[in-house]
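Peer 1: Generate the whole structure from the sequences, applying the supplied hints.
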Amino acid sequence: MGAELVHFEIAADDLEKMASFYRETLGWTIEPGSLEYPDYLVIKTSDREDMPCGGMMKKMMPEQGLLNYYGVDSIEEFNAKVRENGGQVVMEKMPVPGMGYFSVCLDPEGNPFGLWLTDESAG
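Throughout the sequence shown, residue numbering follows the numbering used here, covering 1 to 123 in sequence.
Worth flagging that the hints you see were computed from the coordinates, not collected in a lab. One should not assume that every hint holds.
To be verified - Calculated lysine to aspartate or glutamate pairs in the DMTMM-like style (CA-CA distance at most 25 angstroms, straight line):
{"no.": "1", "residue 1": "Lys44", "residue 2": "Glu77"}
{"no.": "2", "residue 1": "Lys17", "residue 2": "Glu63"}
{"no.": "3", "residue 1": "Lys44", "residue 2": "Glu76"}
{"no.": "4", "residue 1": "Lys58", "residue 2": "Glu84"}
{"no.": "5", "residue 1": "Lys81", "residue 2": "Glu109"}
{"no.": "6", "residue 1": "Lys58", "residue 2": "Asp107"}
{"no.": "7", "residue 1": "Lys17", "residue 2": "Glu84"}
{"no.": "8", "residue 1": "Lys58", "residue 2": "Glu77"}
Just so it is clear, the structure is predicted and the values come from calculations on it, not from any experiment.
Peer 2: Dropping the structure here:
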């Protein structure tokens, strides 16, 4: 089996409006993430522990929208595969302290996706 969906992020101009939309429309639980990241909301789509969770944040670019993250065992290895197969790495490996590492890529037609490596020693 290949890389599985492990996380998603929704970028929004109006966080409260979008959070309300997804709460009311899809029944998701959306709450503030932490004091460290007050403008990052955590999304739970299910009570099941094996389901991916998501996040919601302010848009950093006008065209920013939904981004899916896929779990991998090596960011460097998969970044190389992205390039070898005609994609681009637009954000190289970055740490999320205490959680892991990620990179952001584009497929050959420009669709964005993220790679995620869980590693609690990330800093």
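Peer 1: Now look at each hint and say whether the structure bears it out.
Peer 2: Hints, one by one, checked against the model:
1. Lys44 <-> Glu77: violated, 30 angstroms
2. Lys17 <-> Glu63: Roughly 18 angstroms separates the two Cα atoms, so the pair holds.
3. Lys44 <-> Glu76: Roughly 29 angstroms separates the two Cα atoms, so the pair is violated.
4. Lys58 <-> Glu84: violated, 32 angstroms
5. Lys81 <-> Glu109: holds, 16 angstroms
6. Lys58 <-> Asp107: holds, 24 angstroms
7. Lys17 <-> Glu84: At roughly 40 angstroms apart (the allowed maximum being 25 angstroms), Glu84 and Lys17 break the hint.
8. Lys58 <-> Glu77: Violated: Lys58 and Glu77 sit about 30 angstroms apart, past 25 angstroms.
Hint check: violations occur at hints 1, 3, 4, 7, 8; the rest are consistent with the structure.
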